[in-house]
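S.K.: So you can see what is in the structure, the chains are spelled out below.
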Amino acid sequence: MLILADGRFPAGGHAHSGGAEAAVAAGRIHDAASLEAFCRGRLHTAGLTAAGLAAAAAAGLDPLALDEAADARTPAPALRATARRLGRQLMRAARATWPSPELDALAAARPRGAHQPVVLGLAARAAGLGPPDAAYAAGYEAVSGPATAAVRLLSLDPLDATAVLARLAPELDQVVARATEAARRALDQGPGALPAASAPLLDIAAEQHATWSVRLFAS
Amino acid sequence: MDGEARVTVVGAMSAPLGGDRIALEVTAGPGTRLRIGSAAATIALPGRSAGPAHYEIRLTVADGATLRWLPEPLISAHGSDLRMTTRVELAPTARLVLREEQILGRTGESPGHLTTRLTVHRAGRPLLDQELAYGPGAPGWDGGAVLGGHRAVGQLLVVGPSYDTSPVARPRLLGETAVLTPLTGPAALATAVAPDALQLRRALDEAAAAVG
Chain V
1 MLILADGRFP AGGHAHSGGA EAAVAAGRIH DAASLEAFCR GRLHTAGLTA AGLAAAAAAG
61 LDPLALDEAA DARTPAPALR ATARRLGRQL MRAARATWPS PELDALAAAR PRGAHQPVVL
121 GLAARAAGLG PPDAAYAAGY EAVSGPATAA VRLLSLDPLD ATAVLARLAP ELDQVVARAT
181 EAARRALDQG PGALPAASAP LLDIAAEQHA TWSVRLFAS
Chain L
1001 MDGEARVTVV GAMSAPLGGD RIALEVTAGP GTRLRIGSAA ATIALPGRSA GPAHYEIRLT
1061 VADGATLRWL PEPLISAHGS DLRMTTRVEL APTARLVLRE EQILGRTGES PGHLTTRLTV
1121 HRAGRPLLDQ ELAYGPGAPG WDGGAVLGGH RAVGQLLVVG PSYDTSPVAR PRLLGETAVL
1181 TPLTGPAALA TAVAPDALQL RRALDEAAAA VG
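Going down the list, the sequences are from chains V and L.
Following the numbering used here, the residues of the first sequence are numbered contiguously, the last one being 219.
Following the numbering used here, the residues of the second sequence are numbered contiguously, the last one being 1212.
Be a bit skeptical, because a hint or two may be false.
Claimed, not checked - Per the computed footprint, the stretches of chain V lying under chain L, defined by three or more beta-carbons under 8 Å from a beta-carbon of chain L, are:
1. 40–51
2. 68–78
3. 187–196
4. 205–215
Stated by the list, open to error - Some residues of chain V that are not near chain L, with every Cβ distance over 12 Å (derived):
5. A5
6. A59
7. R88
8. A96
9. P101
10. D160
11. T162
12. L165
Hints are computed from structural coordinates only; laboratory data are not their basis.
Here a beta-carbon is modelled for each residue, glycine too, at the ideal position from N, C-alpha and C.
Pulled out of the complex, with its shape left as it was, chain V reads as follows (with noise of 0.2 Å):
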C-alpha cells in the first residue's frame, strides 16, 4: 500500500499537477488556502470518482467496463489522454512489482493504457490489498499531485502545502468511505453505482492546459 501511494513508485505521477499548474495560471491558487479550496473541491469530485473505481478494480469488477465507465465520467479529452498516459506507466511498474494474470489481461485488452484508477485498483489487488486501500491511495493521489505542484509552482513554503494535506486527511476518509461502499453497491448493479462527481473547471483548464506551448507539467 505504502509502495503503491509513494511519489517515487516509478509510475510517471510526478509530472502532472492534478490541474493546478493552469489553476495557479489563471490566479486560482495563489496561497496555501486557496491551494486547500482546491484540493478540497478535487478530492470530493475528481479523487472521489478515481477512487471508487480504484476499489471496484480491487474488488473485482471487470476492468474494460470500468474502463468504459472511466471514459464516460470524463468528458474533456486532454483529461482521458492523461488517465490513460499515467494507467501505461503504472500498469509497467505493477507488473514488475506484482506479476499477476489480470494486469497481463488487461495490458494486453489496452495496449495504449487503461483508465489510471483502474489500473490502480487491480495493481492493489494484485499486490493482496482491499478495496479501500486502492481507494485510499487514488484519493490521496488527487490531493498530493497539485500540493507538490504548488510548491514548486508558487515557492510555497512546503511545510504549508503538507499542512494543507494532512488538514484534508479526515475529508480522504470520508470519500474513501463513499468509494468503497460505492464499489460494493457496483459489484451487484454494475459500475453504473460509482461515484460520478465532477468539477467543471478542472475541465475547461485542463484543455487550455493542453494547448499551452511552455508548462512545468504535463497536465
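With chain V's structure known, arrange chain L on it following the hints.
M.R.: For chain L alone, kept in the frame of chain V given last:
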C-alpha cells in the same frame, strides 16, 4: 424545424420545495422530432419538510428520432436542497441536443444545496456520466477546482449518429471559461462556467453554433 413537435412544460417544474418528489418522463418514438422547453426558470426553494426535494427526468429517444431538450435554467435558492437526476437512453441512431443550466442563488444570495446527475447511455453503453454538487454540503464547490467563484454553470450535449466519432474533431476553447470537447462516441459536450445566467447562455449558444 419542419415536422418538429414542440412542447413547453409549465408550472409543475417551477418550484420544487423541500420534500417534493417530481418525475418527468419523455419518449420520442421512432423517427419523430421533438423539442421540449419550459415556460420559465425552475427555482428550487426550501420547504416545510426538512428533507431534500427530488426531481427525476427520464428521456428515451428511439431510432431515427431527434429530441431537443432545452429547458430554462434551474435556480438553487438559499436554503433549498434539491437532488436532480436525468437519465437518457438513446437508440443507436437517435439524435439528442440537451442543455442544462444551473444558477447558484438568486441575485446576491448564497445558493442552497444542489446535486445533479446526468447519465446518458447510447445503444446500452455508457456515453456520459456526471454528477455535480454545489452549495453547503458539497465541500470545495466554490474553490478553484470546481467553480472558482462563478455562479452559473451549464452544459450542452449533442449526440448524433451521422458523425463517425464526434461532431467536433478536436477540443475548442470558447472564451475564458468554456470548452467544447469530443466525447468517446458520436457526441460532443460543451462545459461552461460564467458569472451569471446571461453570459452562460451566450457561451452555450456559441457552442451550439460551433456544432452546427
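S.K.: Does each hint hold? Answer for all of them.
M.R.: Do the hints match the structure? See the list:
1. A count of 7 residues in the segment 40–51 of chain V with a Cβ less than 8 Å from any Cβ of chain L is obtained; the coverage claim is therefore met, three being the minimum.
2. With 9 residues having a Cβ less than 8 Å from any Cβ of chain L, the segment 68–78 of chain V passes the three-residue criterion, so the hint holds.
3. Only when three residues or more bring their CB closer than 8 Å to a CB of chain L does the claim for the segment 187–196 of chain V stand; here the count is 4, and the claim holds.
4. With 4 residues carrying a beta carbon less than 8 Å from a beta carbon of chain L, the segment 205–215 of chain V meets the three-residue requirement, and the given coverage holds.
5. Residue-level check passed: V/A5 sits 21 Å from the nearest beta carbon of chain L, beyond 12 Å.
6. Taking the minimum C-beta to C-beta distance to chain L, about 19 Å, the non-interface status of V/A59 holds against the 12 Å cut.
7. The beta carbon of V/R88 sits about 17 Å from the closest Cβ of chain L, which is more than 12 Å, so the claim that it is off the interface holds.
8. With 12 Å as the threshold on Cβ separation, the claim that V/A96 sits away from chain L holds: the shortest Cβ distance comes to roughly 29 Å.
9. Against chain L, the non-interface label of V/P101 holds: every CB pair exceeds 12 Å, the least being about 26 Å.
10. The Cβ of V/D160 lies farther than 12 Å from every Cβ of chain L, with a closest approach of about 16 Å, so its non-interface assignment holds.
11. The claim that V/T162 lies off the interface holds: its Cβ sits roughly 19 Å from the closest Cβ of chain L, which is beyond the 12 Å cut-off.
12. Its beta-carbon lying about 14 Å from the closest one in chain L, V/L165 satisfies the requirement of being farther than 12 Å from that chain.
The structure agrees with every numbered hint stated previously.
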